[in-house]
Every structure is written in C-alpha cells, then in structure tokens.
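For the record, the sequence lines run as chains A and S.
Going by the working numbering, 51 is the number at position 51 of the first sequence; the sequence numbering is gapless.
Going by the working numbering, 38 is the number at position 38 of the second sequence; the sequence numbering is gapless.
Please keep in mind that the hints were generated in silico from the structure rather than gathered at the bench.
As the structure is a computational prediction, the values presented were derived from the model and not from experiment.
Positions of the beta carbon are idealized from the N, C-alpha and C atoms, including for glycine.
Do not take every clue at face value.
Every beta carbon over 10 Å from chain S, so not counted as near; a handful from chain A, in silico [said to hold, decoys possible]:
1) 11
2) 20
3) 22
4) 44
5) 61
6) 70
SDA-like, lysine to any residue: derived pairs with alpha carbons at most 20 Å apart [as the list claims (entries may be wrong)]:
7) 49(A) to 73(S)
8) 109(A) to 79(A)
9) 58(A) to 46(A)
10) 58(A) to 96(A)
11) 9(S) to 43(A)
12) 69(A) to 95(A)
13) 109(A) to 69(A)
14) 49(A) to 99(S)
15) 49(A) to 24(S)
16) 49(A) to 16(A)
17) 58(A) to 104(S)
18) 9(S) to 104(S)
19) 49(A) to 42(S)
20) 49(A) to 83(A)
21) 49(A) to 101(S)
22) 49(A) to 63(S)
23) 68(A) to 104(S)
24) 9(S) to 24(S)
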Amino acid sequence: AQSVTQLGSHVSVSEGALVLLRCNYSSSVPPYLFWYVQYPNQGLQLLLKYTTGATLVKGINGFEAEFKKSETSFHLTKPSAHMSDAAEYFCAVSDYDMRFGAGTRLTVKP
Amino acid sequence: NAGVTQTPKFQVLKTGQSMTLQCAQDMNHEYMSWYRQDPGMGLRLIHYSVGAGITDQGEVPNGYNVSRSTTEDFPLRLLSAAPSQTSVYFCASRPTRTANTEAFFGQGTRLTVV
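Could you put together the complete structure from these sequences and hints?
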C-alpha cells in the first residue's frame, strides 16, 4: 500500500524565513500527492496537488512543492513565512483512497 | 456554497452510549469517507462509500458502522462508545474514487468518551 512519511512533527521558523516541510512517499506506481493545511479547530484545506506533468507545483498562499521521483520526495516550501502560516500541514498520497502522514505543526515566531 | 457539513461540532459521551455523527455534502460527489485524527497519527480512514448503497471498511473500522442511503448523506454510528474512540472525526468527499481527485473536508466533530 502507498504511504507517506513526514519528517519532523514540529517546525519553528522566524517570520520572513524560508519554510521547508518534508514529505517522503512510498509507492509502487506513479503517485498522486497532496498537501493540506489545517488551521486550529478547522477542517483540512487543499494547498496543492501533484498528479502528472510539471514537477514543480504551485499552490495557494505562496506555497509550492517539487515532486522528485529519484528521491521519492514531495517537500513543501515557502520563501518567506508569515504569522498566518502557523498551522498543521499534512502530506497525503492517493491511490483509490487517500492516506495521510502524521502531520507537521508549523510555528512562526515574530 | 456549503460543501461538506458535519454535525455536531462537539460531543461528550459516556462509555457504552451510542450516537450518530452526521455528514452531508451538496457537491453531488460519489465518494465519501470518514477519518479519525489522533495526535501524532495523522488521519486514518475508518469507512468509505463509492455511492448510495455501497460502503466498505478502511484502516480502522472496528467499533463503527456506516450506511449510505442517498448520495448526499453518510452518517457514522458508534454503537457502544469506548474511551479509545475519543478523537476528532472528519468527513470528506471526492467527486469519484479516482486517485487524482482532491478531498473536501468538513469542519470536524470533536468527540470525548468518558
């Protein structure tokens, strides 16, 4: 079965610094990959997804992710963190069903 | 533009009680699913449905029942609640059970079993 592993349950950055959230996947077939964000006491919201085509995917709120098949990775980045980016982020892989990583909580320090 | 609606938002149950978590979507999606979210474990799939009258088990189905009588509704039933079922529950829908379709989530139900 397909799975994802998120490296780091907590990441803390200063406002204006680079955000890097790591995700590695395991899949025997070309994967479909997603990043979701969860703000406190809310449901999950799609940030971006990779299905086919361009390996650099741009999403909402300035986030992007790059699919690297050779590294089985789909890391999420943002050049400059804002206070409003503080949330929990989930990487997911989909075959018929969607399977999620354990999540990474992002803290942004002023 | 409601999307996926879950009720209630919060619930406290005593061990052994039963209850139903409601989920409705207005996007005419074929695929609906229930997840539970626990700290450090992400979201785990409980049950899913690919259409009215069709349901199947996910990763953690024990202690939960589902049914799908209409396209719109997908309730989750706890027949005899246990403290281990304390969690946040999310309902999600997708247009179809196709790998490249995104999931749309409800706001969640925070359940505490005492």
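A quick look at each hint next to the structure:
1. 11: With a cut-off of 10 Å, residue 11(A) remains clear of chain S, as the shortest Cβ separation is near 15 Å.
2. 20: 19 Å, holds
3. 22: 15 Å, holds
4. 44: 4 Å, violated
5. 61: 16 Å, holds
6. 70: 21 Å, holds
7. 49(A) to 73(S): Cα-Cα ~27 Å, so violated.
8. 109(A) to 79(A): 15 Å, holds
9. 58(A) to 46(A): Status holds; Cα separation ~12 Å.
10. 58(A) to 96(A): 24 Å, violated
11. 9(S) to 43(A): Measuring from Cα to Cα gives roughly 11 Å; hence the hint holds.
12. 69(A) to 95(A): 16 Å, holds
13. 109(A) to 69(A): Roughly 33 Å separates the two Cα atoms, so the pair is violated.
14. 49(A) to 99(S): Given that 20 Å is the threshold and the Cα spacing comes to 11 Å, the pair holds.
15. 49(A) to 24(S): Given pair residue 49(A), residue 24(S) is violated - Cα atoms ~25 Å apart, limit 20 Å.
16. 49(A) to 16(A): 24 Å, violated
17. 58(A) to 104(S): 19 Å, holds
18. 9(S) to 104(S): 17 Å, holds
19. 49(A) to 42(S): 18 Å, holds
20. 49(A) to 83(A): Cα-Cα ~23 Å, so violated.
21. 49(A) to 101(S): At roughly 9 Å apart (the allowed maximum being 20 Å), residue 101(S) and residue 49(A) satisfy the hint.
22. 49(A) to 63(S): Cα-Cα ~33 Å, so violated.
23. 68(A) to 104(S): Not satisfied, since the Cα-Cα distance of roughly 26 Å exceeds 20 Å.
24. 9(S) to 24(S): 14 Å, holds
Of the numbered hints given earlier, the model fails hints 4, 7, 10, 13, 15, 16, 20, 22 and 23; all others are met.
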